Amino acid sequence: MAQNISAAPEQNIPFWRDERVLGVFAQIGFIIVVILGAKLLGTNFASNVNKLGESQFICRDGSFSYRCAYDFMGSEAGFDISDTALDYVNTDSYWYAFYMGLLNSLKVGLLGVILTTFVGLFVGIARLSSNWLVSKIALWYIELMRNTPLLLQLFFIYFGVLLALPLIQDASPVLGLPIFLTNRGLSIPAPKFMSAAAIWVAFLILGIIQFQVTWILLARQEEQTGRATNRWARGLIGFFIIVIAGWFISSSVSDTQGLLTSKASRIRDVGDIEKVMLNRTNLDYLDEIDTLSPEEVDAAALKICVLRDSASEPNLIRQIERIGAPYTVRRFDRPDQVTAAYVEGDCELFAASKAILAAERATLENPSAHLIVPVKESPIVWSVPRYDGTNIFGGSKLLPEFTALLIGLTIFYGATLAEIVRAGILSVSKGQSEAARALGLSESQRLRLVVLPQALKVIIPPLIGIFLSLMKDTSLGLAVGYPDMYQVTFTTMNQSGRAVQGILLLMVVYLTISLIFSIVLNWYNSRNVLVER
Amino acid sequence: MTMNVNANEDVIVCKDVHLWYGEFEALRGVSLTVKRGDVIVILGPSGSGKSTFIRSINRLEEHGAGEIVVKGIPLTHDVRDIAEIRREVGMVFQQFNLFPHLTVMENITLAPINVRKWSREKAEETAMKWLTRVGIPEQAHKYPGQLSGGQQQRVAIARTLAMEPEVLLFDEPTSALDPEMVKEVLDVMSDLAKEGYTILAVTHEMGFARGVADRIVFMDYGEILESDHPDEFFDNPKHPRLKLFLSQILHH
Ligand SMILES: Nc1ncnc2c1ncn2[C@@H]1O[C@H](COP(=O)(O)OP(=O)(O)OP(=O)(O)O)[C@@H](O)[C@H]1O
Ligand SMILES: [Mg+2]
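Heads up: the sequence lines are chains A and B, in that order. Residue numbering for the first sequence follows this note's numbering, beginning at 1 and increasing consecutively. Residue numbering for the second sequence follows this note's numbering, beginning at 1 and increasing consecutively.
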């Protein structure tokens, strides 16, 4: 009986209507199309490469082979890159230059993704605001940004806004804050990491682990005794003890910072500076310095020389200011320039890392007449930008090219994202908001706890697309002269004549970045899939 | 049991409430006083303004004129007063409106933790108590989508009760349910009525109206046309439109 029932319908399906047969055919057809397409592209590519000639594939030993297609990347790049995350000089290899470009692309892309998320969320919510003005402003912003080309916006921001900012000669703090905005970029206060920071971060991690362990142990204890303990307080106290102790330990064990000074200066230690200065000014205490005339103070000031933007400067200055000694600072681009000034007698102290100082001291005429004095270092020093009348130094500087690209990408993709956020929020039924209100949740709780988590389900898939586009559009940096991966490769291709290799390399790297991005985001998305009917 | 429990206290006072949707006047001068412990059923044809009226009590709709006072707090634009009133007034919807991304337990504890600022332990304990009350403690860790309609509506009731409101508003709580699930929800509502909750319910369940209500209110065209004890209401209707309404619903 049962056999009859299950077998009967199988009998007379013609194969051209059998879904299984059709499925197999469809797959075979697809594979054939792919193979033909690949073959077409492949032969075309090969013939182009052949036309370019063997010279494209010279190996180091002078022979020719396709395997040596990228050997040229090992040779000297020869061009400068205006903005690099790591130290780079134009004698570094093409590979290293490409790496600098990649880091720049990633820096702009990742920062852009983060800022875009905030802008998109904020504007998308504002767009739905019941406040007429707020929602209209959001609407205009979105329409303006989405309906003009990104390239045009970049040009406008770069040439129309950033380069139209005050010249550096007219720099003044924005709103009285230690922030400078000029046509050479934006300078903001920033932490500088000393070598001791690595040790301190280890303590930081230790503190977090400690917090976790305490938390779990106390939770277990609570379960056994049934009595509540203050898990937060106890975990945090332990955390801060470890982190603060770590601060002092890391700053006392690390010993990379120093001062180069002549034996005659009688400075053997940073603490000696006080004595030396008291001697020089004929005062009993340095806080009486106000009693001297400005000229006298200037004459007595300690002459310090440093490398421009080095962390050694804020680290030492902090200690000198604590002593209260008057000082002047001169900044140079290269160590040998400082040494030259030092030899001239323009610098009493040369502050830098001990490695640099040792090398420079060896170049002096009589090295034994000069000392390298150790300087204590904090793991992190806060560096504030200052304006000395001709230049802005200290802090962290964002170049106009970088700023233009970052702002351009953020406001363009922020507008796109805002529309998606709006659609996501609207996809959550009105009943959800009503239930949240009826339960007494505040408006922000309603958004945060009820609406947004549900809207995310609709928002995240297109969000992945937006992030990927943003990442790829960092290549528009070319338009404003930001040295991203694309621009560096472009220069490389022009100089070396290796266009095919350059384009292939770019494609592979962009593809890899995109794949990593979508894998991570899809993984996040799949974790957020709701259990619903 | 405590001193401020006064059976005769007016919990909800509505005076000449008007409400407009644009040009359209959905409530045209509704006045109603509800005392502590009253169970009031609101009847009326579709579109008569029943939902609009009870939704204006917890400010899901904003009335345009007249006065609504809940537990002595006048309903105005003052967000603190609105929040205070919403804490005292719970609401159960026709479509349940459970939060699909949260488990049953999280649905129930969300407001106590975030609004009443209870600890998670206390909120979960209370939630289990209410789930047991509505008869489904074993469903605590499922998602709403995994429950039947009747179970979902009972979760919604437990979620409302967990905030410990004094007044309960029901807007056709059984209308979206299959017939065999209606009874389980009505049973819970009857129990709550007996326990002394102040209840305002819009429902077409005549058995519930007759058996449980202290008073039945008939609305049409945004007005209250009749308000009476159930026996009098059904056996001796006075307003012609109520007579017509009753003849229509009771004859099938
Ligand atoms: N948001 C709104 N905008 C405009 N008009 C509305 C809105 N909500 C309700 N109305 C109108 O107000 C009137 C009263 O609606 P309400 O929902 O209160 O009726 P009801 O008595 O609950 O009806 P039902 O029994 O069908 O639920 C109806 O005419 C309806 O069309
Ligand atoms: Mg209704």
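Hints are computed from structural coordinates only; laboratory data are not their basis. Please note: incorrect hints may appear among the correct ones.
Said to hold, decoys possible - Which chain B residues face chain A? A few, computed with CB under 7 angstroms, are given here: (1) G64; (2) M91; (3) I113; (4) N114; (5) K117; (6) Y221; (7) L225.
Claimed, not checked - Derived SDA-like pairs (lysine to any residue); straight-line CA-CA distance at most 20 angstroms: (8) K122/B - P453/A; (9) K122/B - N230/A; (10) K122/B - R227/A; (11) K117/B - L52/A; (12) K142/B - P453/A.
What the hints assert, rightly or not - The following residues of chain B were derived to be distant from chain A, with all beta-carbon distances above 12 angstroms: (13) E9; (14) F24; (15) S31; (16) V92; (17) P112; (18) E121; (19) L169; (20) P179; (21) E180; (22) D187; (23) S247.
Every value quoted in this text rests on a predicted model; they were computed, and no experiment measured them. Think of the CB as a built atom: it goes at the ideal place given N, C-alpha and C, for glycine as much as any other residue.
Item to check | Earlier hints that do not hold, by number | outcome: Failing hints, ascending: 1, 3, 5, 6, 7, 8, 11, 16, 17, 18, 19.
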